[in-house]
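> For chain L, the structure is supplied; the task is to place chain Y with the ligands on it using the hints.
As given, the protein sequences belong to chains L and Y, one line each in that order.
Counting from 264, one number per residue, gives the positions in the first sequence under the working numbering.
Counting from 132, one number per residue, gives the positions in the second sequence under the working numbering.
A couple of the hints might just be wrong.
Said to hold, decoys possible - With a Cα cut of at most 27 Å, we get these calculated DSS-like pairs of lysine-lysine: (1) L:Lys373 - Y:Lys148; (2) Y:Lys234 - L:Lys431; (3) L:Lys431 - Y:Lys148; (4) Y:Lys256 - Y:Lys244; (5) Y:Lys190 - Y:Lys148; (6) Y:Lys303 - Y:Lys244; (7) Y:Lys234 - Y:Lys262; (8) Y:Lys305 - Y:Lys244; (9) Y:Lys303 - Y:Lys262; (10) Y:Lys190 - L:Lys373; (11) Y:Lys190 - L:Lys431; (12) L:Lys431 - L:Lys373.
Stated by the list, open to error - With beta-carbon atoms standing in for the labels, derived distance ranges: (13) L:Phe389 - Y:Ser155: 48 to 56 Å; (14) L:Leu293 - Y:Asp276: 40 to 48 Å; (15) Y:Thr248 - L:Ser372: 29 to 37 Å; (16) Y:Glu323 - L:Ala380: 50 to 58 Å.
Treat the hints as calculated values from the structure; they're not laboratory data.
Each residue gets a CB set at the ideal place from its N, CA and C atoms; glycine is no exception.
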Amino acid sequence: MSDTNTIIASSEGRKRRSWTFTIGAIIVGLHLAIGLMTLVWTPYDPAALSGGRLEAVSFLHLAGTDRLGRDLFSLIMTGSRIALTVGTGAIVIGGLIGMTIGLLAAFASKTLDDVLAAGLDILIAFPTLLLAMLIVAASDGASLQTAIVAIGVANSAIVARLTRILTKRVLAMDYITASRISGTSWIGVIRIHILPNIWPTLLVNLALQFGLAVIAEASLSYLGLGAPPPNASWGRLLQEAQATVYTAPIGAIAPGIALVSLVIGINLLADGLRDLADPTRRSRR
Amino acid sequence: MTPLLDIHGLSIRTGEKSLVTDLSFSLSPGERLGLIGESGSGKSLTALAAIGLLPDALKASGSVRLDGRQVIGARDRDLVPLRGTAAAVVFQEPLTALDPLMKIGRQVGEAVKRRATRDRGATDKASITRKVRALLDQVALPDPDRIINAWPHEISGGQRQRAAIAMALACKPKLLIADEPTTALDVTTQAEILALLARLVSERDMALLFISHDLPVVAGAVDRLVVMQHGHIVETGLVGDVFNQPNHPYTQSLVAAARAFDDALEIAE
Ligand SMILES: Nc1ncnc2c1ncn2[C@@H]1O[C@H](COP(=O)(O)OP(=O)(O)OP(=O)(O)O)[C@@H](O)[C@H]1O
Ligand SMILES: [Mg+2]
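Next comes chain L alone, as it looks inside the complex (with noise of 0.2 Å):
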């Protein structure tokens, strides 16, 4: 009796997950689909400047046109491929590079665990905004690269320390033991045993990261340390939007709902993936 509770929840639970994970991936693929598309085609250039300024919504503009006069769909959709760029390529940065330092710290002596320790405090305490400028005043010059090493790099502390607890917890468990004396080296330690078990809450972490990056980007270039014109990324259309929200609220709207979908989608995704990748949540609940 009990038992065929149980057997329903677990699978009505099952059905919902798989819910959010390809709602998840709908959504994010529609993101993906129209990143590419812009490469060959949208329905303006969307650098042009195709009709009046501060357009309503039409048939020929699909949301309008921004101040001035370019067409504000096309923007978003080339805004598609900019967030898309901007979140992989900091999550693969910030994932690389926090996910290495993270295993050192948790496999190295106390000193240099100590130390490691005390760099991440430090480096999670200075903020994305400043480190950008420190990379952008490193280069040539502000460009979508700078942006997304700055936030990457940023991103990396905050992977390191999850990933440092993560692992330490791990290693102390008793099949970790039990498999170096089996003769399992430590190499293969990580690769059998550490990195699948860390694996899901990384994951779901990488996702928030992957919106809080889309986001950064936006302040990045509210300051001019992001990607310089013409790419029009959600973070720059939002801000010149600013001026004439109240006279023309789709520019603001639009660009928003776009950033606001990508995000729910990632960690949607997310969601799923991880639910995927833990075989206790699949069957609980």
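Here is chain Y with the ligands on its own, set in the frame of chain L:
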């Protein structure tokens, strides 16, 4: 006969605090030794020191020779080939003894594969699966087809402990270290696991280092006893001798407790 495990003057300390002091005992091939003592007396640390897996924060001194090789002071890399072939461990807590994110079959399979690689044996999927099934049969796991494809949280504590024993056996060790393997289990399951260990040890002619704080449990499983208290050895001897003539007050209290339990059983009957 040269001992399989020879511990001489082993001390383990953290900073200023001594956790294990001047410990000496040895274990011959095929011999069954019980290490008994209250919680916190240093039994698990001794077992970890025997295979060179003490946490970095702890410093060991003295001599530990496992299968003829010095463990203390050895580089970790040099110990890797020794571990598993010389000794394998079954732990106290079945819940943390298995990787929660790996199916039982693959988990036992990894251990089988490592051993096969060492022996330069076949490591193809079919022969590994065959060996995994044979091991699950040996530890008397019911319904191996289901268990192979089950996650650790989908099987019972007793079954998890059997799977952990199967993994230890996959290494084909000369010495099996069982660190309170039955403490977390109910009495019936406990008796089954003890019988299983006894059978496997005699079938495979392994030596056994059985760690426990429960005298009646150890007494049935081993020939010789080492009694520890606060990191010191307080008594050693054959099981029968220790039972009949306990010298140290701590051992006397252990024996008295065991006797009282027996008497209670008799009265109940
Ligand atoms: N990593 C460590 N750092 C510092 N002290 C430790 C560490 N591991 C164990 N100890 C201490 O060493 C002592 C012996 O621990 P050990 O685990 O060997 O006890 P035990 O005899 O196995 O006990 P139990 O029967 O409860 O398992 C304990 O007092 C414990 O607090
Ligand atoms: Mg212990």
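> It remains to establish, for every hint, whether it holds in the given structure.
The hints, checked one at a time:
A C-alpha spacing of about 18 Å is found between lysine 373 of chain L and lysine 148 of chain Y, which places the hinted pair at or below 27 Å, so the restraint holds. A threshold of 27 Å between alpha carbons decides the hint, and for lysine 234 of chain Y with lysine 431 of chain L the separation of about 22 Å falls inside it, so the pair holds. Proximity of lysine 431 of chain L to lysine 148 of chain Y is assessed by CA-CA distance (about 24 Å); at most 27 Å being required, the pair is judged to hold. This hinted pair checks out: lysine 256 of chain Y and lysine 244 of chain Y have alpha carbons roughly 9 Å apart, not beyond 27 Å.
Between lysine 190 of chain Y and lysine 148 of chain Y the alpha-carbon distance is near 11 Å, which keeps this suggested pair within the 27 Å criterion. As the CA atoms of lysine 303 of chain Y and lysine 244 of chain Y are separated by approximately 12 Å, the hinted pair is consistent with the 27 Å bound. The hinted pair formed by lysine 234 of chain Y and lysine 262 of chain Y meets the criterion: a straight-line CA distance of about 16 Å does not exceed 27 Å. For a cut-off of 27 Å, the pair hint linking lysine 305 of chain Y to lysine 244 of chain Y stands: about 18 Å separates their Cα positions.
Restraint check for lysine 303 of chain Y and lysine 262 of chain Y: satisfied, since their Cα atoms lie roughly 12 Å apart, inside the 27 Å limit. At most 27 Å may separate the alpha-carbon atoms for a hinted pair to count; lysine 190 of chain Y and lysine 373 of chain L meet this at roughly 14 Å. The hinted pair formed by lysine 190 of chain Y and lysine 431 of chain L meets the criterion: a straight-line CA distance of about 20 Å does not exceed 27 Å. Of the pairs offered as hints, the one joining lysine 431 of chain L and lysine 373 of chain L holds, with about 12 Å between alpha carbons and a cut-off of 27 Å not exceeded.
For the pair phenylalanine 389 of chain L and serine 155 of chain Y, the beta carbons lie near 55 Å from each other, so the given range of 48 to 56 Å is met. For the hinted restraint 40 to 48 Å between leucine 293 of chain L and aspartate 276 of chain Y, the CB-CB distance of approximately 43 Å keeps it satisfied. Take threonine 248 of chain Y and serine 372 of chain L: their Cβ atoms lie about 30 Å apart, and the range 29 to 37 Å holds. The beta-carbon spacing between glutamate 323 of chain Y and alanine 380 of chain L, approximately 46 Å, falls outside the hinted interval of 50 to 58 Å.
Violated hint: 16 only; the structure is consistent with all others.
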